[in-house]
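Participant: Take a look at the letters that make up each chain.
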Amino acid sequence: MDILYFAWVRERIGIPREQVETSAATVADLVAELRLREERYELAFSDLTALRVAVDQKLADFDAPLDGVREVAFFPPMTGG
Amino acid sequence: MRVVVQEQPFDIGAETTAFAAGHKEMGAIVTFTGIVRDLPDDPLQAMEIEHYPGMTEAALTEIAQIAIDRWTLGDALVIHRYGRLVPGEMIMMVATASKHRKDAFEAAEYLMDYLKSRAPFWKREITDIGESWVASKAEDEDALTRW
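If you read the protein sequences in the order shown, they are chains A and B.
Counting in the numbering used here, the first sequence runs from 1 upward without gaps.
Counting in the numbering used here, the second sequence runs from 1 upward without gaps.
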């Protein structure tokens, strides 16, 4: 599965994207896995209310299922316009 | 409908003229343009806009299609830039075409409200003091509730 990071999430984790092997059932499970990896992930995911997630390029909730999903992106609230 | 995500500047006059020309049956064209605004206390050197290629185009297309259906628009245009911009530059524009002006105005406001907090763009301000990501505003989220 491809994981993408944008804005300050990308900066905290230090990379724009990576491929991970995971059996996480939901986005929340994936976040829990990532947080255990290294401190930079723990730092990036410490406050989920400050984060938004897209699953296969559509905005989703943290309880969204990951079955068959190819791409998950994490980012702060959007500031377009 | 036309949705464009590009780094280079756009010509608002040419875009508006081309948009209006295609719609003889539409009596109203509304356009909105967003400009990089300088900061009064801490002069802005530049604004950098990051986006999510692929999702950005899909999200803007979805928002524009909802506006077209809801206000029975003849057409809609969204242009949004990314990359490094300086104060005074145009960041984005929307245009809407409808038979009467009320629908075109409302649809343009709807497009702006939604693309502010539902299209995957992130702004970063670079000033003499330093650099920081622009935080989203609660009022931008609140703005969606009226639709």
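Any given hint could turn out to be false.
Heads up, incomplete: computed chain B residues facing chain A, CB under 8 Å, no partners named [claimed, not checked]: (1) F19; (2) G34; (3) G54; (4) A58; (5) G88; (6) M92; (7) M112; (8) S117; (9) R118; (10) P120; (11) V134; (12) S136.
Listing some non-contacts, in silico: residues in chain A with all C-beta distances to chain B over 12 Å [claimed, not checked]: (13) M1; (14) W8; (15) V9; (16) S23; (17) A25; (18) V31; (19) L48; (20) D61.
Note that these hints are calculated values from the structure, not bench results.
Backbone N, C-alpha and C fix where the C-beta goes; we use that ideal spot for every residue, glycine too.
Participant: What hint numbers does the structure not satisfy?
Facilitator: Of the numbered hints given earlier, those the structure breaks are 1, 5, 14, 15, listed in rising order.
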